[in-house]
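Residue 3 is where the sequence shown starts when you use my numbering, and the numbers rise one by one after that.
Be aware that a few hints might be false.
What the hints assert, rightly or not - What follows is a set of in silico ranges between Cβ atoms, one per label pair, in the way DEER data are often shown: (1) Gln293 <-> Gly199: 51 to 57 Å; (2) Val265 <-> Gln293: 32 to 38 Å; (3) Gly136 <-> Gly32: 19 to 25 Å; (4) Lys29 <-> Gly190: 40 to 46 Å; (5) Leu171 <-> Thr239: 38 to 44 Å; (6) Arg167 <-> Val37: 42 to 48 Å; (7) Gln160 <-> Val263: 47 to 53 Å; (8) Gly190 <-> Gln160: 33 to 39 Å.
Calculated directly from the structure, the hints in this document are not laboratory data.
These figures come from a predicted structure and were not determined experimentally.
Heads up, the beta-carbon is just placed ideally off N, CA and C, and yes, glycines get one too.
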Amino acid sequence: MSHLYIYSPSSAVRDRVAFRRGIARLKALGHEVEVDSDALTSHMRFAGDDATRLAAIGRAAASGADIALITRGGYGLTRLLPELPYKAIAKAVARGTRFVGLSDFTAFQNAVAARTGALTWSGPALGEDFGVEGEPCEIMLACFDDLASGAGEGAGWQLPRAEAREKPLHTRGLLWGGNLSVLVSMVGTPYLAPPKGGILFLEDVNEHPYRIERMLTQLLHAGILAQQKAIVLGQFTAYKTVPHDKGFKLKTVVDWLGAQVKVPVLTGLPFGHVPTKVCLPVGAKVDLVVQGRDAMVLWGHGH
């Protein structure tokens, strides 16, 4: 049984039914669930004003929980980066607390990595993953269970047929990344320290392929992409193409990206705003191994 601390560092919880369902489900899975006193606070778009959300992050760091899990993403963490309790967060990580989230949480993760080198986890959020109607994705649940029990050693997936590699690929580097929009908004700030020789993973939601290309262009022109050992694309979802795209689509962007960089560009990582999501250690040294269509990110024993 794990001790989970649920808190809201970004947007206000709008779907309280999903919130309650998520907590009930985590309890049913055998976890001890502690809910932050301001988890359901609302101030404009946010889960409380900046001071309220900073205090919630402080309580999460002081909770002694095995996992500190966000209720949802949205927007709000980039506002807090100058004031985050970095020492307390790093101490919590050192004591064994795993901070887990995605989307807007990308800002927290990369700032903590830049300031302290502490490891955090890209993974589910309470509402969108555990609070779903019906049953949550079994793969997501299994990956979260592995994280909670300390058994997780990697994540694997199948590449599209067109990306099958004749020669095996094996490279090692610092895993980093997350939500593309949030990451791009941090370029040039003290809260993003892109590693050289890193393995960069990216996902996004509600962004048209041309916007995705525009953001990738910024990372390209900033010199960040050329310094990576590999670029791994997760899921880009919930956008609509329009007639005047005339064939311009996500694959167009992926092909363009592959032509701009000399490093491998892989797709299909099961991570993003989708039901099936793995847990990924941001700031950990990982091995990326590809044989044929089988791709794996490994961080287990021997790392």
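So the hint says 40 to 46 Å: do the beta-carbon atoms of Lys29 and Gly190 match that?
-> Holds - the Cβ-Cβ distance for Lys29 and Gly190, about 43 Å, lies within 40 to 46 Å.
At the C-beta level, are Gln160 and Val263 separated by a distance inside 47 to 53 Å?
-> The hinted range 47 to 53 Å is violated for Gln160 and Val263, with Cβ atoms some 23 Å apart.
Between Gly190 and Gln160, does the C-beta distance stay in 33 to 39 Å?
-> Taking Cβ atoms as reference, Gly190 and Gln160 lie about 36 Å apart, which means the hint holds.
Does the Cβ-Cβ separation between Val265 and Gln293 fall within 32 to 38 Å?
-> violated (18 Å)
Using the Cβ atoms, figure out if Arg167 sits within 42 to 48 Å of Val37.
-> holds (46 Å)
Falls inside 38 to 44 Å, the C-beta gap from Leu171 to Thr239?
-> 26 Å Cβ-Cβ, so the 38 to 44 Å window is violated.
Cβ distance range 51 to 57 Å for Gln293 and Gly199, holds or violated | The hint (51 to 57 Å, Cβ to Cβ) is violated, given that Gln293 and Gly199 are roughly 22 Å apart.
How does the Cβ-Cβ distance of Gly136 and Gly32 compare with 19 to 25 Å: does it lie in that range?
-> holds (20 Å)
When each numbered hint is compared with the structure, violations occur for hints 1, 2, 5 and 7.
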